[in-house]
Amino acid sequence: MKKQLLFFFMILSTLLVSCSSTKSPYLSITVTAGEGDQLLSTTYEYDLSTKKLLKQGQVPYTSQYPLTAVDVKRQVIYYTGRDQSGLADQLQVYDLTSKQSQTLTTDLFAINELFTIDKQVILAASSQKTTDNHIMPLASYDLDHKQFRFWWDPNKEDTTVKFAKPIPGTNRLYAGLYSFGESFTNLEKANRQQLQDGAEPPLYTVFEFDDRGNKIKKWFETKEELPFFALSSDQKQAFYSSATTTFTPRSYQFLELATSSKTPFTPFEQISDAFFEPEDQGLLLLGTYQKKRGVYRYDLQSKEVTLLMEEPPKAFINNFTLMEK
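In mature numbering (1 follows the signal peptide of the UniProt record, and there is no 0), the protein residues as written are -19 to -1, 1 to 306.
Derived from the structure by calculation, the hints contain no laboratory data. Just to be clear, a hint being listed does not mean it is correct.
Claimed, not checked - Calculated cross-link-like contacts (lysine to aspartate or glutamate; reagent style EDC-like; alpha-carbon spacing at most 16 Å): (1) 100 - 123; (2) 100 - 125; (3) 36 - 26; (4) 137 - 113; (5) 110 - 134; (6) 36 - 237; (7) 54 - 28; (8) 217 - 237; (9) 4 - 99; (10) 284 - 305.
These numbers were taken from a predicted model, which means no experiment stands behind them.
Please put together the full structure from these sequences, using the hints given.
Given below as structure tokens:
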């Protein structure tokens, strides 16, 4: 009997540990406001479980493009900020408890993507030490060892990140990549020929990576513009935006990955970015619905649209990302 009780409590203990370690998903939302040199980036957390919106903190908006990502577990905000030279942006961190900021990198030029996976801060960034700072590889900052590294050498290959996103519940991500050289050649051709619709896009390819920078598999490729791409958690479908050239109107569609069949998505006037919910029951969108811009949830079964955060007056929601705590 004692052995049975011991076995029961061991199972119960395992279940409790398992439940307590379950990660909770949330959106980290960047909102900018202000005038002149008094611009601020405010970071909000929208908890997908409690459905509560919380203002987490503010940092100065000094970078070329405002990016923030609140790490709720560590109680910090990672963000992009101009360095002391005034010529380049670096990865910085703001401690929500001490109210102190710290610069984590020294040689970057610009940062276009920012989120965390476990103990890694993931970025798409360019370096001051490359021959062309338009080339923007994936990179990571190791929080344990306080080390930054590019995932490939921007002086040896021109592969550039269009977008990057975490895969919830894993230590993996996916990223849309293209050749900067091909993109620049197409742009020069469009300028010479004065093409009104803009340049022909380069080849975009979506790859999955682990958090150490190892390429796992290819998910998608296209010769159309690819402003964003969202992969479902069950990895059976995607939602993405496309356009035939730089200046032609965008379309939005679902893609069944097994069959390549597409379904147009038209409820929104404009969409800047999107994520599938971890359980794939809804689509999380930053865009304009019925002339109101904000962060929305689109229920994939009922087709109901719910406003999660309306864009504040005299402010702009720049971006959002899906993270876990």
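Structure-based check of all given hints:
1. Proximity of residue 100 to residue 123 is assessed by CA-CA distance (about 6 Å); at most 16 Å being required, the pair is judged to hold.
2. Distance restraint check for residue 100 and residue 125: the Cα-Cα separation of roughly 7 Å lies within the 16 Å cut-off, and the hinted pair is therefore satisfied.
3. A distance of roughly 6 Å separates the Cα atoms of residue 36 and residue 26; the hinted pair therefore holds under the 16 Å criterion.
4. For the given pair, residue 137 sits about 11 Å from residue 113 by alpha-carbon distance, which is consistent with the 16 Å threshold.
5. At roughly 11 Å between alpha-carbon atoms, residue 110 and residue 134 fall within 16 Å of each other, so this suggested pair holds.
6. Distance restraint check for residue 36 and residue 237: the Cα-Cα separation of roughly 36 Å exceeds the 16 Å cut-off, and the hinted pair is therefore not satisfied.
7. The straight-line distance between the Cα atoms of residue 54 and residue 28 is roughly 13 Å, inside the 16 Å bound, and the hint therefore holds.
8. Among the hinted pairs, residue 217 with residue 237 is consistent with the structure: their alpha-carbon atoms are about 6 Å apart, no more than 16 Å.
9. For the suggested pair residue 4 and residue 99, the alpha carbons sit about 11 Å apart, so the restraint of at most 16 Å is met.
10. Distance hint between residue 284 and residue 305 is unfulfilled; the C-alpha atoms sit about 26 Å from each other, more than 16 Å.
Of the numbered hints listed earlier, those contradicted by the structure are 6, 10.
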